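> Chain residues, written in single-letter form:
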Amino acid sequence: MNEPLPGCAIALGLVAILSALSVQAATDSDTGYEEFNVVTQDIEVERSAEPLTQYANASGETLIKLMHDQHQQYPYVYEEQSMVLIDRQGNRETRNLRRYSRVDEVIDKDAGAMQIARYMLVFDSPNDLKGVVLLAEKKGDKTSQSIYLPAFGKVMITNEGDAHAENFLGSDFSIENLIGEDVKDYDYRRQRDAMVEGMAYFIVDVFGKSDANRLLRRHFIRQDNLYGSRTDHYDDLGRLQKRQSNHDLTQVIGSMWRANMILMDDKQTGHQSLLKINRRVFSADYVPLEYFTPQWLYQNTMKELQYEPADKIAPQSTQRTSQETSQALSIKEVADR
Amino acid sequence: MMASLFLLGARHRAIVTALVVLVTLLTALGLNDLKIDTSFDSLIPEDDPGRLVYRKVMGEFGSDNKTIIYIGDDELWSTDKLSRLEGLHTSLKRLDHVSRVDSLFTLRTIEGATKDGLPSVSAQALISGVPTTQLQVDEIKRRALDNPLYIGNLFSADGDATAMIVTMAESPQDVDFNPALYADIEALLAEQTGGFDKLFQVGPPRINEELRSSIAEDFKLLGPLSAMVLILSILLFMRSGLAALIPLVTSALTIVWTFGMLGWTGVPLNLLSAMIPSLIIVIGSTEDTHMMAAFFRGLANSDQSGLDAIEPNPKHRAIAYMALHTGLPLILTVMTTALGFASNLFSSIGLIQDFAIASTFAIVANGVITVMVVPLLLSQFGLLGLNAEQAAEKVYGNSISNRIIASFRVSQDKFPLVTLGVTAVLCAFFTYQASKLYVTNDPLSYFPEDRSLIQETRLIHDELAGIKVFFVSLESAREHAFLEPENLRKIDDIQKFMDKQAVYDSTISIVDHLEYVNREFQGEFAQLSLPKTRPMVAQYLMFFHRSELETYVSHDYKRANIIVRHNITDSHTLNKYIEELQLAVDKMTGPELTSQVVGENLMVNQAAESLMISQIKALGLLLVLIFILMSIMFTSIKGGIIAMIPSLIPIMLMFGLMGFLKIPLNPGTAMVAVIAVGIAIDGTIHLLARYQELCSVTSDYKGAVKEAVGEVATPLIISSLALSFGFGILLFSNFMVVAQFGALAAATMLISIFANLLITPIIMERVRLVCLYHIVALKLDNAVLDRSSLFKDMSNYQRRKAILISELHEFHPGEQLVRQGDTGRSMYMILAGEANVIRHDGDETRVLAELHAGEIFGEIGYIRSIERTADVTASTIVTALRFDYERMQKDLKFFPNIIAQMNNNISAILGERLADVLDEQPNGSI
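Protein chains in written order, with the working numbering: chain A, 1 to 337; chain B, 1001 to 1926.
Read the hints as simulated data drawn from the structure, not as lab findings. Worth double-checking, as some hints may not be accurate.
[As the list claims (entries may be wrong)] Not everything, but these chain B residues come out facing chain A in the computed CB check (under 10 Å):
(1) S1099
(2) F1543
(3) S1547
(4) E1550
(5) A1849
Please read all numbers here as calculations on a predicted model, not as lab measurements. Virtual Cβ for every residue (Gly too), placed ideally from N, Cα, C.
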């Protein structure tokens, strides 16, 4: 009875390996590289990179999901930002704002378990824009936006605009740039890995569901940390229209990285928008749910706020960023203006 | 000296030919480098202070260099048409040198609505992708036509027309840039042929391209046409092939030299340069005509010209005769014509300056070539089978000119004062009409009304807004000034004022954007109105990307811009409204804001004013120079004034005609006066020069006038008619300015016939002229003059002038100066040679005396009319002055000082003679 055992073991082992491979193959809807022959300018690829063994067969969609999962999923983030708008002559306009985001899990009676992601931008300066708020909510597949203009009156104005639409509130960013793209809305195709400026990248092209031939953008995802540090946006002629580049990358929590400076460079108009994160706090206390209500907005956005965390527990991550503009901003609640 | 200069070509044919060929080849090498300048920059004076402001505003708010593509179709709003438009839009974006294309595919709208009782706003692209259903198309149309920013700019009111606005990238220095872009766009539009009812482009590339192609067409058409007209008119009048050939040869050489020089020196061609070949052919031929007339005259009078000593060869003798009689007028004509063209250098407009350089060089070169080549050709080809009488007949036997002169003579003889009076009244009337002249400098006015470019420009003006743009630029010292509603209201007030002026097609500013957004936010029943607070303004502006606003307001809101589109082509009208606008803007903005009204087309139109001023200066200077020149030439201010009359009359009549017919002063017509003066003076110089030659041998001034007119009339009429036909050719030009120039110049040439042959002779009879050249050239033995008591106490100049005022006669050996027994009241002085005083008493003849240079005889006869007591016969060639008592008294009023001194000296001589006689023969006399 001993002699058949080794043979069986080997056979079983082979079966196991083959099965594993089959499962792997079945899991990935598309494997390997797809070269998409599109007329694009300005790829600046120095040379192809050797694919990392770990992700050698990962699809584009897989890489994007990995990127989002690793870096975008912290549910409570508060940021103090400076947005610098630079026109083609180099003139600058600076706006200071606060960004609040939180993701909550809810149970919808029809849809079941789902996430509600809320985003809020509150402008603090210049004075004429103080108190302007953009409120966005992504519930399942649906995104809604509203705007509060203090000068207009105490009313939330629904923004029916397209989330993909560019030039949000006068900047070169779209709402989607600010709140992130929804993977389900796009097709992703992985291109050959590349070396750019000495860094190895995964290259993933993004196509719309409605037009499989129209390249919308190209993500450059760092192979070392799976962080998307560059995105090239293309126009309907396949020409480079805008480039978003993320700088001053910092490892914030675990393997999560964040950029402290995001530059959107419109190659066709010569305009640039630079977003600098001056302070980032990962804490639920900084993004309470009540902040995302009109009533709170009407009462508070014109004021300078002082926070005292309700639970008195130190936030999970507090970070001072962006040396150029960093200051210890203490938010004080002052009397009504 | 003149004869030697002209005989160069005849005597040294090989050398002169080689020299001419060499220069021609050298200059021809420059032809490859010829450039054409059609830029609007050449229409703006270099020193225009508006340039700096213009560049600053353009730098801040972007260029006004845009091409509009007009698309008109009754079915514009359909899926098929929109799909075609999208393809066109995409193709345009792909073009090199295009930085931006604005069309319905790049427009964003901000639309307000109420949803669930709450306001909503949608800021989004007008079109996202080509619509696939008519319902979608209709919705897009509704949104587009609801936007007040777009109606009248990008869409017509009824929506049946739309525009794509192509903004060019930073324009390179390459002059081929615009034509290349025009061609690229045309190729794209051609692909859409049949796809739309109307589809065309208008803008600086097209205008430049049309200017270039029209200039090229003019070059190809006008020069050959002028040559043909020249040949025909010379053949008609002179019936001589040689007479037609010679001007063509000299013109061809001049054209090569001129354009070669332009190529070498980098002076560009422009729309005015296209008439230079015609001018060369026409103007050059006039002098050639005069010269050939003199040549034929010289051949006919070869034996009597007295030039045997200089040239034994009859043709060379005729050339010498030609030189003597036309050499000086030729040089003077070249000088005055060149001065006429050169005076345009006064203009600060590059277009006119470049033309002035080219045309002045052409005239001078033509003069040089004429002097070198015409004698060469005449000596080579001579009569071509005709004899001298036949040749002369061609010049003098012209019945047309004889009939014209005959009709003039009736007025001159019977009604001289009436003729002068009528002329004076006409001049006064037309001078008054000239006060209504207005100036225009708009490039689009250069093209005729029926040109497709003009018609299409008008269509855009009718359905959208005019293609011409200027800015009203406001500036504050404070940042964010134009976020303040108060300052925005000022912009609004300015726009309302411009609406009241009702001459502009559209005005658009930051105010329009704010009013639009405010209306959308306020709800469906709201009207266009400004937001009331500064924060509201700032918050509304967040809905626009900076690139949408940068044309209207600076990044720091210190400066604001109102973009004005219009279609005014008349500089005078535009300048008037702009002046009114500037005053109103200054008043409305108050002390806190500074304002400027700027635009390239404004500078071009305002340059019209400098056009007028520079032409007045040029004309004034030219007239002064010609006056001085003529006064020096005829050694008399009266001579200068008389020489001006035939030039002034055509100018007054021409400007008056322009005022009467509402023909504007533009870069073409403004030059007519100076050029016409420079040319018309040619006939006057010939006429006056011949008159003064005749006056030196006769005291019958009236007869001298008639003879001078008779001799000069035919070539003058021929040349004036040829000039007017030649200028008339310019009516075929593609450019209104050139055609108007041609028509007016032609009319001026015709008027100059009347001035020279009808008016001037009436005045000439009443004056006596002496030519400076002849004074200088007079060969005299100064020792003789020094000894002569007739010229006592007179300077050398006065002596020479006195000699030329008098009658200067030459006698051959054996010829009698006076005859015994004749009655006469004249006295003689021998300047050179020897004569014998011979008395005949019956059969006896004796020589009473030998007279030498400086001696006087017949002085008793000067005092009272008596019979001559002896013959005076020349024993050698004698040059003698004859002093006729009555003529001397008549000339007293023209040259009082000289005549008075001479009368004094004659009195002294007579007194001395009487004393001598009393001493020698107390009871007798000679």
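> Next, verify each hint and record whether it holds.
Against the structure, the hints come out as follows:
1. A cut of 10 Å between beta carbons decides the hint on S1099 (chain B): the least distance to chain A is about 8 Å, and the hint holds.
2. With its C-beta approaching chain A no nearer than about 7 Å, F1543 (chain B) sits inside the 10 Å limit, and its interface hint holds.
3. Hint status for S1547 (chain B) relative to chain A: holds, with the closest Cβ pair at about 5 Å, below 10 Å.
4. Checking E1550 (chain B) against chain A by beta carbon gives a least distance of about 6 Å; that is within 10 Å, so the hint holds.
5. Checking A1849 (chain B) against chain A: minimum C-beta separation of about 103 Å lies over 10 Å; hint violated.
Of the numbered hints stated above, the single one contradicted by the structure is hint 5.
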